[in-house]
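Novice: This is what each chain is made of:
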Amino acid sequence: MNAAGYAAVAGQILVVGAGAPLLTGWMRQVRARLEGRAGAGVLQPWRDTRKLLRKEPVTPVGTGPAFRIAPALLVATTVVATALVPLLSTDTPVSGHADLILVVALIALGTLTLALAGLDTGTAFGGMGASREMTVAALVEPTILLAVFALSLPAGTTNLPAIVSGAIDDPARLASPAGFLATAALAVAVLAETGRIPVDNPSTHLELTMIHEAMVLEYAGPDLALVELGAQMRLTLLLGLLSSLFAPWGIATSASWTALLLALLLFAVKVAALGAALAAAEVFWAKVRLFRVPELLAGSFLLALLAVAASYFLSGES
Amino acid sequence: MSEDLYTQLLDLSCGAFLLAAVVVLWRRELVAVVRVFALQGVALAAIVVLLGIHEERWDLVGIGIGVGILRAGVLPYLVRRALAALLAGRAHSEEVRETQPLVNVAASLLTAAALTLLAYAVSRPLVELDPIPATRALPVGLAVVLIGFFVLVTRRRALAQVVGFLLLDNGITATAFLAASGVPLIVELGVSFDVLLAVLVLQILTTRVREAFGTTDIDDLRELHD
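Quick note, the sequences are listed as chains A and B, same order. Just so it is clear: in the first sequence, position 314 is 1133 by this note's numbering, and no numbers are missing. Just so it is clear: in the second sequence, position 126 is 139 by this note's numbering, and no numbers are missing.
A hint or two may mislead.
To be verified - Computed spacing ranges between beta-carbons, pair by pair:
id: 1; chain 1: A; residue 1: Trp1104; chain 2: B; residue 2: Ala97; range: 23 to 33 Å
id: 2; chain 1: B; residue 1: Ser15; chain 2: A; residue 2: Ala1100; range: 35 to 45 Å
id: 3; chain 1: B; residue 1: Val116; chain 2: A; residue 2: Arg873; range: 32 to 42 Å
id: 4; chain 1: B; residue 1: Leu131; chain 2: A; residue 2: Ala1105; range: 29 to 39 Å
id: 5; chain 1: B; residue 1: Tyr90; chain 2: A; residue 2: Arg852; range: 50 to 60 Å
id: 6; chain 1: A; residue 1: Met947; chain 2: B; residue 2: Val116; range: 42 to 52 Å
id: 7; chain 1: A; residue 1: Trp865; chain 2: B; residue 2: Ile231; range: 33 to 43 Å
id: 8; chain 1: B; residue 1: Leu142; chain 2: A; residue 2: Leu853; range: 34 to 44 Å
id: 9; chain 1: B; residue 1: Asp143; chain 2: A; residue 2: Ser1022; range: 54 to 64 Å
id: 10; chain 1: B; residue 1: Asp17; chain 2: A; residue 2: His916; range: 27 to 37 Å
id: 11; chain 1: B; residue 1: Asp17; chain 2: A; residue 2: Thr1028; range: 43 to 53 Å
Derived by calculation from the structure, the hints in this document are not laboratory data. Positions of the beta carbon are idealized from the N, C-alpha and C atoms, including for glycine.
All chains, full assembly: derive it from the sequences and hints.
Specialist: Okay, structure coming up:
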């Protein structure tokens, strides 16, 4: 454990923290261009954050501590998960603790605090958003776990850095049916978890459709900035997890500075490409009806289960 | 072809084969279902051709190409023609969508998961007899048989049931090829013509059913007429 390892952890947190608003801005820009609009520029989410941070913090009358600590807790859980997931390097001081189940639990904890905050406001919208979010979350978490289990079976461990470094050594593992099925399942789960378009529309304020927005309607000022930052960081983290698991090339496996720099560059490119692809897809997709969301997620769960079954039964070793 | 590459390609086509069956269960539009069924035919043909190349039995490659033409070309074309005839008959969109399967889609997807696990469980002793890549993929064929049967019993539209029947047959063919490199050529030919005839008859029957009752919802056929 040396300086480069600590630098990798700090770099991951810094890149995701500072880059998440840029990613959101980039995705909005891609979308705007595809729709024939000029767009607000890549830096717009940062400008929004600056504007929100200057405002006076206001909380609704009658809300309790759950409402007040939720934004900080959301960002905190995301930061810890970011430190654990091998985005830049698999050889970090915390890589021994970067267990898959822990990471998924941290992400779920963030979702839960936000849902509790939505309930705490006592408004119709908050409760509705929280109940919808929990419906989606209950179906998404097992899918994420199963999809990554399909990859952890050949690696023989649920330790994320071990899975990623194993995949770098043996790329054939990813080209198997299990790899493809798990990719598809995890992609759907990530879309649902981050509230993107087939499941939720992030830019809507229409009560019939919103899930995530309904929970955070009562937030204002710096709290809103934190909530937005948390949501953006979760999107970046999950896209990064997707790219680390299924396109792990370039991630540093040893603690050398040049490898780390290369990993940083490739991480930015991969996540930007994924974001652009997602934004382009969102232009052409319509949101599915809320009652068909469980259908979509059941399908994705089935894909994940098939991936586990395939990696267990089809693979050469027994 | 090296052993590793063969295993990978075989696993890949088996994965695509199973995935196509699942997607058939997922989609409601019959047009999309037929398209996915054609893709499954391609995957089945790929499995047979791969087996043939690996064992250097060129007759098997020929059978594979034949199976591909039948399953990915002729049968989907026939079903699509029946579908077009239904559409031309009247401009109702409900004939081309499986609007209300007996088991809703989310539940049937979960059932498919359970059926797949069941297929893996029951074929374990078979796989252990001779664990080579082809027999390892045997559960995939069985799973498709079970899923096809499930589609057959839970769908209401006649054409969706036809697709279920064809899925069942695809699964049986895949199982035969994976377990024993296929049945003798004459039997395979007989089965293929049987399936072709069955689909032709069902296509005519579907059109007649719709002319007589105005719908292809099988549940409406409760009494016998002369």
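Novice: The structure should be examined with respect to each hint, and the outcome stated for every one.
Specialist: Against the structure, the hints come out as follows:
1. Distance hint check for Trp1104 of chain A and Ala97 of chain B: the Cβ-Cβ separation is about 28 Å, which falls inside the suggested range of 23 to 33 Å.
2. For the pair Ser15 of chain B and Ala1100 of chain A, the beta carbons lie near 37 Å from each other, so the given range of 35 to 45 Å is met.
3. Look at Val116 of chain B against Arg873 of chain A: about 55 Å separates their beta carbons, and that is not inside 32 to 42 Å.
4. One distance hint, 29 to 39 Å for the beta-carbon pair Leu131 of chain B and Ala1105 of chain A, holds here, with the actual separation near 36 Å.
5. Between Tyr90 of chain B and Arg852 of chain A the Cβ separation comes to about 41 Å, which falls outside the hinted range of 50 to 60 Å.
6. Between Met947 of chain A and Val116 of chain B the C-beta distance comes to about 29 Å, which lies outside the given range of 42 to 52 Å.
7. Distance hint check: the CB atoms of Trp865 of chain A and Ile231 of chain B are about 60 Å apart, inconsistent with the given range 33 to 43 Å.
8. At roughly 55 Å, the beta carbons of Leu142 of chain B and Leu853 of chain A sit outside the given window of 34 to 44 Å.
9. Between Asp143 of chain B and Ser1022 of chain A the C-beta distance comes to about 57 Å, which sits within the given range of 54 to 64 Å.
10. Look at Asp17 of chain B against His916 of chain A: about 35 Å separates their beta carbons, and that is inside 27 to 37 Å.
11. A beta carbon spacing of about 48 Å between Asp17 of chain B and Thr1028 of chain A agrees with the range 43 to 53 Å that was offered as a hint.
Hints 3, 5, 6, 7, 8 from the list above are not met by this structure, while the remaining hints are.
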